[in-house]
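Peer 1: Counting from 1, one number per residue, gives the positions in the sequence shown under this note's numbering.
Hints listed in this document are in silico derivations from the structure and should not be mistaken for laboratory results.
Honestly, I wouldn't trust all of these hints.
Per label pair, the in silico range of CB-to-CB distance [unchecked claim]:
#, residue 1, residue 2, range
1, 39, 199, 27 to 37 Å
2, 84, 225, 42 to 52 Å
3, 228, 8, 38 to 48 Å
4, 225, 82, 48 to 58 Å
5, 225, 183, 12 to 22 Å
6, 16, 147, 42 to 52 Å
7, 6, 105, 17 to 27 Å
8, 6, 147, 22 to 32 Å
9, 14, 206, 10 to 20 Å
10, 204, 109, 32 to 42 Å
11, 109, 49, 33 to 43 Å
12, 121, 151, 36 to 46 Å
13, 172, 108, 40 to 50 Å
14, 85, 225, 46 to 56 Å
Calculated cross-link-like contacts (lysine-lysine; reagent style DSS-like; alpha-carbon spacing at most 25 Å) [claimed, not checked]:
#, residue 1, residue 2
15, 31, 210
16, 19, 31
17, 37, 80
Don't be surprised by glycine CBs; every beta carbon is placed ideally from N, CA and C.
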Amino acid sequence: MAKKSKKYIEAAKLIDKTKRYPLSEAVELVKQTSTSKFDGTVEAVFRLNLDSRKAEQNLRGAINLPHGTGKTRKVLVLTKEAKVKEAQAAGADYVGDAEYIEKIKGGWFDFDIIVATPDMMGELGKIGKILGPKGLMPNAKTGTVTMDVAKAVSEIKAGKVEYRVDKTGNIPTIVGKISFTPEQLLENIKTIYKVLIRIKPSTVKGVYVKNISIASTMGPGIKIAPESIE
Numbered sequence: 001m002a003k004k005s006k007k008y009i010e011a012a013k014l015i016d017k018t019k020r021y022p023l024s025e026a027v028e029l030v031k032q033t034s035t036s037k038f039d040g041t042v043e044a045v046f047r048l049n050l051d052s053r054k055a056e057q058n059l060r061g062a063i064n065l066p067h068g069t070g071k072t073r074k075v076l077v078l079t080k081e082a083k084v085k086e087a088q089a090a091g092a093d094y095v096g097d098a099e100y101i102e103k104i105k106g107g108w109f110d111f112d113i114i115v116a117t118p119d120m121m122g123e124l125g126k127i128g129k130i131l132g133p134k135g136l137m138p139n140a141k142t143g144t145v146t147m148d149v150a151k152a153v154s155e156i157k158a159g160k161v162e163y164r165v166d167k168t169g170n171i172p173t174i175v176g177k178i179s180f181t182p183e184q185l186l187e188n189i190k191t192i193y194k195v196l197i198r199i200k201p202s203t204v205k206g207v208y209v210k211n212i213s214i215a216s217t218m219g220p221g222i223k224i225a226p227e228s229i230e
């Protein structure tokens, strides 16, 4: 286990691990307990009563955050010639087809997300074993397999985030940067929470939202009272 820094230990003293904080207080604390010298990322983890082995509970999608993530992601668009100019005009960092698939086969990963038109999925399937483990395979559920590449690129550049439940029922997602105002972080978290509540599978029994926590890069986790978000 990695040894905690003095800054982390001091920051952790400000957090009562047994307490679930109101959202507004948790947001103030996450800014106060950031220990990184750089503008750290703030991540929220929603622990839900989900069994990802059940198809209807294997939640996955994407959300447009009102204030973005504070991070500009490099977008690779894989498409045929007809959509190339459209993707470039929307701000895609790389646009092409077969040549980029060959580059990926050779170990090139200078991008954060792939947007692909449906006609490229057959080719992408050949490198699924490379992209899959890295979470880079485009998916229609997240809007990254589409003919409207301009819209997809624009939304990603504006701060669209993907979410996916893991094996333990957790959905981790970026909600902004330490430099964000408390109001910006609060609104981003509320936006994600409302989407997750709206898409609650009908087969879920009992308490749906088990726990919510936020933390900054290299900062301690802070639990949030779900009822304070609504």
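Peer 1: Against this structure, judge whether each hint is valid.
Peer 2: Hint-by-hint comparison with the structure:
{"no.": "1", "hint": "39 with 199: 27 to 37 Å", "result": "31 Å, holds"}
{"no.": "2", "hint": "84 with 225: 42 to 52 Å", "result": "49 Å, holds"}
{"no.": "3", "hint": "228 with 8: 38 to 48 Å", "result": "26 Å, violated"}
{"no.": "4", "hint": "225 with 82: 48 to 58 Å", "result": "51 Å, holds"}
{"no.": "5", "hint": "225 with 183: 12 to 22 Å", "result": "19 Å, holds"}
{"no.": "6", "hint": "16 with 147: 42 to 52 Å", "result": "51 Å, holds"}
{"no.": "7", "hint": "6 with 105: 17 to 27 Å", "result": "45 Å, violated"}
{"no.": "8", "hint": "6 with 147: 22 to 32 Å", "result": "53 Å, violated"}
{"no.": "9", "hint": "14 with 206: 10 to 20 Å", "result": "33 Å, violated"}
{"no.": "10", "hint": "204 with 109: 32 to 42 Å", "result": "36 Å, holds"}
{"no.": "11", "hint": "109 with 49: 33 to 43 Å", "result": "35 Å, holds"}
{"no.": "12", "hint": "121 with 151: 36 to 46 Å", "result": "18 Å, violated"}
{"no.": "13", "hint": "172 with 108: 40 to 50 Å", "result": "26 Å, violated"}
{"no.": "14", "hint": "85 with 225: 46 to 56 Å", "result": "49 Å, holds"}
{"no.": "15", "hint": "31 with 210", "result": "24 Å, holds"}
{"no.": "16", "hint": "19 with 31", "result": "18 Å, holds"}
{"no.": "17", "hint": "37 with 80", "result": "43 Å, violated"}
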